[in-house]
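S.K.: Here is how the chains run, residue by residue.
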Amino acid sequence: MFEGYTATELGSIFALQGFAGLILFSVFLLMALGLAIIFGQMGVINMAHGEFMILGAYVTYLCSQVIGNYAPALFGVYFFIAMILAFFASASLGAVVEWTLIRHLYKRPLDTLLATWGLSLILQQVYRSVFGAREVGVNLPQWMLGAYRVTDLIEIPINGLFVMCLTVLITIAVGILMFRSRWGQQVRAVMQNRVMAGAVGINTARVDQMTFAIGCGVAGVAGSAFTMIGSTGPTAGQLYIVDTFLVVVFGGAGSLLGTVASAFTIAQAQSTMEFFLSGSMAKVLTLLTVVGILMLRPQGLFQIKVRR
Amino acid sequence: MTNDTKWTVDRRKLLAGMAAVPAVGMAPGFGHAQATSEVNTTGLAVTDDKVTVGILHSVTGTMAISETGSVQAEKLAIDQINKSGGVLGRQIEYIQEDGASDWPTFAEKSRKLLVNDKVAAVFGCWTSASRKAVLPVFEQYNGMLYYPTFYEGLEQSKNVIYTGQEATQQIIAGIDWIVKEKNPKTFYLLGSDYIWPRTSNKIARKHIEKLGLEVQGEEYFPLEHTQFNSVINKLKLRKPDVIYAIIVGGSNVAFYKQLKAAGIDLSKQTLITISVTEDEILGIGGENIAGAYACMKYFQSLDNPNNEAFVSAFKEMWGQDIVIGDVTQAAYLGPWLWKLTVEKAGSFDIDKVAEASPGIEFTEAPEGYVRIHENHHLWSKTRVGKARLDGQYDVIYETAELMEPDPFPEGYQ
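Residue numbers (the working numbering), protein chains in the order written: chain L, 1395 to 1702; chain G, 6 to 418.
It is possible that part of the hints are untrue.
Claimed, not checked - Pairs of lysine-lysine, BS3-like flavour, derived with a Cα cap of 25 angstroms:
id	chain 1	residue 1	chain 2	residue 2
1	G	Lys185	G	Lys273
2	L	Lys1677	G	Lys207
3	G	Lys244	G	Lys185
4	G	Lys123	G	Lys357
5	G	Lys241	L	Lys1677
6	G	Lys187	G	Lys207
Source of the hints: derived by calculation from the structure; they are not laboratory data.
Since this is a predicted model, take the numbers as computed values, not measurements.
Model the full structure from these sequences, guided by the hints.
M.R.: Here you go:
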């Protein structure tokens, strides 16, 4: 497969492939972070996760339209405004959903699966009724388009770099929030022992609501970022949901580090195999490997040790 | 349905029809219309002043993205036919059913339209999977389906009129053109992983190899694929003269955005696609695909009086910002072809319509001119468009002759 290429060409391609893997890793991690909080910490199987992401994407679309039309001077930086709005939009919707639907089902995890699946169908139809069945195009400011040219062959997509930086920032933020803040302490306390947490004075209902909302908010930011690399349509959330669960479950529910490691492993494996095989085969092999490993290690890559 | 009940139904309709004869004679304005008993001998939903047809597309679910345009086009055509006097003096009424992007639902709804509603024709389906699901129903209950999408061929039925192009019509002319124009040596074929792209690429590969040129690679991606960086790297390494892409749906958007982001400039790298209509560019964004070539039979920018009238009528009915893609235009042909066929046959009977179909010409088609072939596909021209920044195509080539539909191409399977 490599005959007839010079060493520089090969070197460039390996560098590019390395970047492709890293970008895929960032994408996987970004979409899994929200779910890692919701599914990992709270144990809620949120099938509507993709739709929370798409809400963020639509908020970005609205921002690009509004700012493009009414404040073109701000267009260069509108994406940052859009991401913040996307966070709050998805988080508010998350809070409402938690209050009306999820909190009644904490003791019935399988029912949350059905309820959130129904919710995802409802949201899809709402997007379709509001924004139309067709996909919408999100305009990007000029500086976010194109590639950064390192050498003749090595060109790094700017939107990929952007997603990478964003992922690093959000992962660090979530890490600090979970393990260094008072709120994170409460979340972990509630998760480990709800009754005892309540007994020491933690308002568990409030913690649950906040946790769910923040998980959804992170999903919204991810959706906002993905308008750069993917499609924005009523059912686009379905494109991400399988990979998202795959990453979280494979990493070991409840472990942030596990999610990071799992996203990295899956992304590198997939992008390398895609290069040597074809897209469909790479996917098949990735899934097979994950299934194989989960059979040997049902708890996933990492597990938080809890005395039960 | 047993023979007994069928007889009862037929006899009842027959009696009703006979009773209607004198009424038709007396009603002013319908004097020219033929008696219902003559034009409808099989118990379809045809009365003295109206005829019922079905529209069967997905307006919910994944496929709603694509099928919305077809529904709009079919409603426009029905509306125009009604304003111009209807079919055999009868106004068209439609019953719309939602296939919900789910193939068994398509089959069930088509059964409902044919058995319960006794519609005289159905305009519908989009994906090959939905067509395959309804085909046995149409053959069992003897219905008539007008199917609008370009598709992979390898099918022909008395009960279906295919108003989109089959694969050879769309592919071969396009490759011949690109070979003449750009003189490429190497091709790289890409596609989403299901029957249409796979069959189309097979035809493309055979044709490319027949011309003595090289296919460097052929690759498929799952329908929900959103990350194309690895294959883009492969394209950079192999440097094919032509990228031949049949990627569909949400994947499409990801592919073109990432291609652009990776620094592949479509004004320098030749890319030809058969799956991106103006509808898809809405999601992809003109700036991400400008410079690419698309090969199909219709573009919104087509310059002829028929198309001007069609585009302005379409915008008037559905909004000024709307775009019209290849399949939307093909869907618009359905009701018109059916009307012309019914009037030639002098009957709504399915058997007579099927028999009268070959040779039907529609001279006012937005794409110019079409004629139904003996194999129930359309003779049509194939065109190549070059994507512009504003999301429209410039039509830069059209075949001199109508392309003959050949759903079972020899040597290409």
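S.K.: It remains to establish, for every hint, whether it holds in the given structure.
M.R.: Hints versus structure:
no. : hint                 : verdict
1   : G:Lys185 x G:Lys273  : 17 angstroms, holds
2   : L:Lys1677 x G:Lys207 : 22 angstroms, holds
3   : G:Lys244 x G:Lys185  : 19 angstroms, holds
4   : G:Lys123 x G:Lys357  : 16 angstroms, holds
5   : G:Lys241 x L:Lys1677 : 22 angstroms, holds
6   : G:Lys187 x G:Lys207  : 22 angstroms, holds
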